[in-house]
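There are 2 protein chains.
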Amino acid sequence: MDSSPGQPPGLSGQLGPSLDDPEYRAAVVDLLGVLAYGELSAFVRLAADAALAPKIGAEAQLAGMAVAEFRHFTRLRDRLAGLGVDPDAAMQPFVAPINGFHESTAPADWLEGLMKAYVGDGVGVDFYREVARFLDADTQSLVLDVLEDTGHSAFVVATVREAIAADPRVAGRLALWGRRLMGEMLSQAQRTAAERDALSNLLVGGIGGSAVPGFDLAEVGRMFARLTEEHTRRMRALGLSA
Amino acid sequence: MDSSPGQPPGLSGQLGPSLDDPEYRAAVVDLLGVLAYGELSAFVRLAADAALAPKIGAEAQLAGMAVAEFRHFTRLRDRLAGLGVDPDAAMQPFVAPINGFHESTAPADWLEGLMKAYVGDGVGVDFYREVARFLDADTQSLVLDVLEDTGHSAFVVATVREAIAADPRVAGRLALWGRRLMGEMLSQAQRTAAERDALSNLLVGGIGGSAVPGFDLAEVGRMFARLTEEHTRRMRALGLSA
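Same order as they appear, the protein sequences are chains A and B. When you line the first sequence up against the working numbering, it's residues 1 to 242, in that order. When you line the second sequence up against the working numbering, it's residues 1 to 242, in that order.
For the record, the hints were derived by calculation from the structure and aren't laboratory data. Fair warning: this is a prediction, and the values are worked out from it, not measured in the lab. A hint or two may mislead.
Because identical chains share one entry, a pair is satisfied inside a single copy or across any pair of copies.
With a straight-line cut-off of 16 Å between C-alpha atoms, the simulated EDC-like cross-links for lysine to aspartate or glutamate are [what the hints assert, rightly or not]: (1) 55 with 109; (2) 55 with 88; (3) 55 with 229; (4) 55 with 162; (5) 55 with 23; (6) 55 with 86; (7) 55 with 20; (8) 55 with 21.
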């Protein structure tokens with residue numbers, strides 16, 4: 001699709017990777033596949049959680065967040081199709097881990113649903129940013145575009161703060177829930193990373209002429225650690241110990 | 001908002017109703033409220049049912065149907081706000097009956113979810129068409145616009161036909177399910193009609209200078225009968241006895 005020499009250099013100052021490189025291409029297909037199914041299932045689960053809302057306005061807010069995820073999904077799916085790849089086939093390897101995450105983290109009530117949306121959105125944005133560094137210009141601009149389009153979080157933050165103010169015991173329960181969400185997410189992500197070498201290499205800059213050649217599980221671990229730190233920072237900002 | 005003498009006459013050839021008429025206005029607010037909450041909750045439930053899909057492509061299809069409902073919702077909500085009405089307050093009277101319908105018709109599997117989407121979409125379109133006849137030009141054009149935007153039904157029809165071809169016993173189960181859906185829908189609608197006089201009058205042309213003055217439960221019943229006939233026709237077209 002794109003291998004023009006004019007694309008911006010990566011962080012290391014080298015030329016960016018090219019979709020003409022079969023290993024890089026396979027990794028990008030994996031990446032778009034996992035992001036696409038992640039967005040589709042986030043849509044489905046968030047929308048379902050909207051039914052837990054105590055008020056119509058809140059239900060509509062969560063529904064709006066879900067619809068944003070669906071827009072992301074269609075863009076990622078369309079890019080897969082544009083690369084000549086069957087989107088369903090590209091998503092398939094990630095159905096079990098992503099559904100596994102959602103099944104093990106079904107919110108018990110409205111606040112847990114909101115927190116899940118907030119945690120997922122936050123980690124998603126961080127992850128998109130992490131991975132964008134190692135991508136060719138076209139894929140990078142798609143990923144950054146999709147990333148831009150999020151950010152209904154202000155509503156979640158305000159609602160959770162109100163709930164904690166109304167009943168301080170809520171904080172303990174939500175802190176625990178936040179830890180569980182992050183734990184389950186990391187557990188599924190780590191299992192998936194171990195099974196998808198090309199994708200994992202891409203995530204840590206190990207494909208396409210960047211600094212770290214070959215599979216590096218430790219580097220993947222460090223990326224997960226950075227995601228966890230950012231998650232912890234967000235939880236603290238909400239007044240929750242993470 | 002609109003009471004210009006240039007608006008198109010109703011079926012009866014009279015001038016259309018005007019939002020300056022307080023009774024008509026109250027009925028339109030009720031109508032937009034029930035349609036808006038109907039679309040929002042259809043979105044939430046359909047999206048949740050997408051999780052039942054056996055394949056990613058099918059999940060994405062049902063998700064896309066749900067997103068169309070959300071677009072309808074935002075248009076109806078924005079019109080309420082444009083009329084100077086609090087959308088949540090306008091929707092509130094219809095939350096219990098609509099949620100009641102969805103709770104009593106939670107699909108047991110993917111095919112039941114599809115059928116529910118199909119039945120709901122069909123009855124919805126018929127209902128929008130019924131009511132559009134008695135509206136002022138602005139409200140009418142909104143209702144007809146929202147109506148235009150539906151129609152993912154081809155996918156449902158093809159999938160249900162395939163399932164029946166693969167296992168003819170499916171037809172009996174789905175026929176029963178279709179009857180239950182319609183029965184529950186009518187039951188909630190009839191209860192709501194009995195409680196919302198102005199809305200019911202509007203639905204049968206009893207407000208705004210048209211032919212039937214005053215509340216006419218029998219005329220409401222005839223409208224429900226027409227909706228049921230059309231539903232039956234669609235079920236037969238699917239190869240199901242309704």
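Comparing the hints with the structure gives:
1. 55 with 109: within (13 Å within a copy, 28 Å between copies)
2. 55 with 88: between (36 Å within a copy, 8 Å between copies)
3. 55 with 229: So residue 55 and residue 229 fail the 16 Å test inside a copy (33 Å) and across (35 Å) alike.
4. 55 with 162: For residue 55 and residue 162, only the intra-copy Cα distance (14 Å) is at most 16 Å; the inter-copy one is 40 Å.
5. 55 with 23: neither (49 Å within a copy, 27 Å between copies)
6. 55 with 86: between (40 Å within a copy, 13 Å between copies)
7. 55 with 20: Neither: 51 Å inside a copy, 30 Å across copies.
8. 55 with 21: neither (51 Å within a copy, 30 Å between copies)
Taken one by one, the earlier hints fail for this structure at numbers 3, 5, 7, 8, listed in ascending order.
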